[in-house]
Amino acid sequence: GAGVSQSPSNKVTEKGKDVELRCDPISGHTALYWYRQRLGQGLEFLIYFQGNSAPDKSGLPSDRFSAERTGESVSTLTIQRTQQEDSAVYLCASSWAPGRNSPLHFGNGTRLTVT
Amino acid sequence: AQSVTQLGSHVSVSEGALVLLRCNYSSSVPPYLFWYVQYPNQGLQLLLKYTSAATLVKGINGFEAEFKKSETSFHLTKPSAHMSDAAEYFCAVSVSSGNTPLVFGKGTRLSVIA
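One line per chain: the protein sequences are A and B, in this order. Be aware that the first sequence starts at 1, since it is given in our numbering, and climbs by one per residue. Be aware that the second sequence starts at 1, since it is given in our numbering, and climbs by one per residue.
Just so you know, not all the hints are guaranteed correct.
Claimed, not checked - From the derived model, a few chain B residues whose C-beta atoms are all more than 10 Å from chain A: (1) Val13; (2) Ala17; (3) Asn24; (4) Ser27; (5) Ala54.
To be verified - DSSO-like, lysine-lysine: derived pairs with alpha carbons at most 27 Å apart: (6) Lys69/B <-> Lys49/B; (7) Lys11/A <-> Lys106/B; (8) Lys57/A <-> Lys68/B; (9) Lys68/B <-> Lys58/B; (10) Lys57/A <-> Lys17/A; (11) Lys49/B <-> Lys106/B.
By construction, these hints were calculated from the structure, which means they are not laboratory data. Backbone N, C-alpha and C define an ideal beta-carbon position, used for all residues, glycine too.
Using the sequences and the hints given, assemble the complete structure.
Here is the structure:
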């Protein structure tokens, strides 16, 4: 596919369970971002990967959140011991290079509902 | 730190009417400014961006935005609304040439009434 692909598109989980969200960036894009979009809120930055550099984790809200990326390909965002306040749409974006001259391409998001 | 304020979480216009979505930013250095649009059940897509060249920026689907440094604003406009313009619009700012992520506003939902 030509765009950023995220899976699953929807996930319902029980409070306390762990979840994994997947992002396939556009081939050749070196930068990958995770954002969270809660109802009525803007996009909240979570984590950023650039090539083989150490990721920028400054936006992760707690140690229950973690993310990995293998090289310049797939990324997974893991939320452990989910809480109801984790319910949100999780958006992944990639760009061909770091920095603000390279526009972000977003996936359609994963809607997470914690019951 | 940089920030973005979008005035009005919901704007409603009649089809054919002017669209005006407001965005004000806070930055101590020259910013790059962006507008993204999100259609229902889709990801965000770039509408237009300001990168310190022309202050009036034209984007896709007939939208444009004007950078006004004196007012720290980057309002989005379109002369005539179409039903297909109904979506959520996000303003975003970047103040660093490095790898810092974009900072987004809370979004404005645009409704177009027939």
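Quick rundown of the hints versus the structure:
1. Val13: Given a closest Cβ separation of 21 Å, the condition holds.
2. Ala17: Consistent with the label, Ala17/B stays out of reach of chain A, its closest Cβ about 25 Å off (over 10 Å).
3. Asn24: 14 Å, holds
4. Ser27: 12 Å, holds
5. Ala54: 16 Å, holds
6. Lys69/B <-> Lys49/B: 15 Å, holds
7. Lys11/A <-> Lys106/B: 24 Å, holds
8. Lys57/A <-> Lys68/B: Distance ~33 Å between Lys57/A and Lys68/B Cα, so the pair is violated.
9. Lys68/B <-> Lys58/B: 15 Å, holds
10. Lys57/A <-> Lys17/A: 22 Å, holds
11. Lys49/B <-> Lys106/B: 18 Å, holds
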